[in-house]
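Protein chains: 2
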Amino acid sequence: MERNEILVGKKPLMSYVLAVITQLSESDGEVVIKARGKTISKAVDIAQIVKNKFAKEAKIGEVKIGTEELEAKEGGKINVSTIEIPVKK
Amino acid sequence: MERNEILVGKKPLMSYVLAVITQLSESDGEVVIKARGKTISKAVDIAQIVKNKFAKEAKIGEVKIGTEELEAKEGGKINVSTIEIPVKK
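First to last, the sequence lines map onto chains F and X.
So the mapping is simple: the numbering used here equals the position in the first sequence, first residue as 1, plus 5.
So the mapping is simple: the numbering used here equals the position in the second sequence, first residue as 1, plus 5.
Note that these hints are calculated values from the structure, not bench results.
Model, not experiment: these values are computed from the prediction.
It is possible that part of the hints are untrue.
The list cannot tell twin chains apart, which means a pair is met if one copy fits it or any two copies do.
Stated by the list, open to error - Derived SDA-like pairs: lysine to any residue, alpha-carbon spacing no greater than 25 Å straight-line:
{"no.": "1", "residue 1": "K94", "residue 2": "N84"}
{"no.": "2", "residue 1": "K93", "residue 2": "G71"}
{"no.": "3", "residue 1": "K82", "residue 2": "N57"}
{"no.": "4", "residue 1": "K43", "residue 2": "S32"}
{"no.": "5", "residue 1": "K58", "residue 2": "K82"}
{"no.": "6", "residue 1": "K82", "residue 2": "L18"}
{"no.": "7", "residue 1": "K78", "residue 2": "A24"}
Bound-form chain F, shown alone (with noise of 0.2 Å):
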């Protein structure tokens, strides 16, 4: 199965749900859509609009939350919040 992994950022929306799709009926497998920090909410309304919208067929699988450390630009670490939200046809 190939695992294909959008990572939600700061474009639109719609460019996210539509590579979503996109990949989506080009895998047979999953796409699994990972978000950061504010962008996780971002990633669950793209996984809902995908689903409720475009590819009803579509499955969530199990959602993963977790924390990642980064590097803060002042030094330092700093704790983020993730999400890994698998959508399956």
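Given the structure of chain F, go ahead and fit chain X onto it with the hints provided.
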């Protein structure tokens, strides 16, 4: 099993962390952290802080995401994403 719920809103992050820890120690069941829309990222932060800093024996259960239809102020309906994060002792 008692099913305590904490709905994440505009209060400071740590007041929800404290609420989760208090309810975890008072009940012997689980606490479910719920959030909608932009507070979803905050709900994940709360769960991770509880687990990493205060209740290291706690376990995150099956995270659920969904969509709720709300009445918009301007009339009509809007869809809002939701998350539910169960935290178990």
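- Which of the numbered hints above does this structure break? 4 and 7
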